[in-house]
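Novice: Required output: the full structure, derived from the provided sequences and hints.
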Amino acid sequence: MSKVRMATSRQLEVLPATREQEPVMANLLELYAHDFSELRRLNLREDGRFGYEALPLYWTEAGRYPFLIRVDGSLAGLVLVKRGPGISKAEAVWDMAEFFVVRGCRRWGVGTQAALEVWKRFPGVWEVRVMQKNDVARLFWAETISLFTGEESHPVAFKRGGDAWVLFSFESRGR
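Numbering-wise, the sequence shown is residues 1 to 175 according to this note's numbering.
Heads up, a few of these hints could be off.
As the list claims (entries may be wrong) - No more than 30 Å apart at the CA atoms, straight line, and that leaves these computed lysine-lysine pairs for DSS-like: (1) K120 to K82; (2) K82 to K159; (3) K82 to K133; (4) K133 to K159; (5) K133 to K120.
FYI, nobody ran anything at the bench for these hints, they're computed from the structure.
Specialist: Next comes the structure, spelled out in structure tokens:
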């Protein structure tokens with residue numbers, strides 16, 4: 001368990017999520033999908049939820065890691081990391097599959113500190129993909145990755161599923 005103090009003297013924790021916390025993760029993913037639905041067509045199911053079919057795999061499949069973000073002990077978001085072939089087709093990359101900070105905790109440095117913590121835990125090549133039209137996320141990831149690597153980030157554009165994306169690739173040397 002890692003605890004990080006942010007500039008606002010709040011305490012951030014990025015904690016592995018247990019199988020028992022899967023419903024909590026599912027609820028946070030609903031908030032994430034709701035935010036994301038402004039950028040990409042996501043259909044609600046008949047039960048009024050978006051759903052995230054791959055969530056159970058984070059406790060049953062090797063190379064998948066679910067995390068909860070807490071600020072001062074309260075839930076603040078989630079991170080889903082997976083290992084495997086990435087967008088670039090490289091076999092051994094870490095993928096920031098999903099990353100979400102609740103609106104009330106944004107702009108405090110929560111997302112930046114959580115991303116830095118995750119990257120330190122998993123050394124190796126990383127890929128972070130962002131929809132081209134998601135200007136806020138593109139700027140966030142460009143700044144956060146540059147802070148982490150100490151170098152300017154240079155994303156590469158690509159198309160997938162009819163949408164334009166950018167891909168950030170970089171290496172983590174761990175702690």
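Novice: Hint by hint, say whether it matches the structure.
Specialist: Going through the hints against the structure:
1. K120 to K82: Holds, at about 15 Å.
2. K82 to K159: holds, 21 Å
3. K82 to K133: holds, 24 Å
4. K133 to K159: Holds, at about 12 Å.
5. K133 to K120: Since the Cα atoms of K133 and K120 sit roughly 28 Å apart, the hinted pair holds (cutoff 30 Å).
When each numbered hint is compared with the structure, no violation occurs for any of them.
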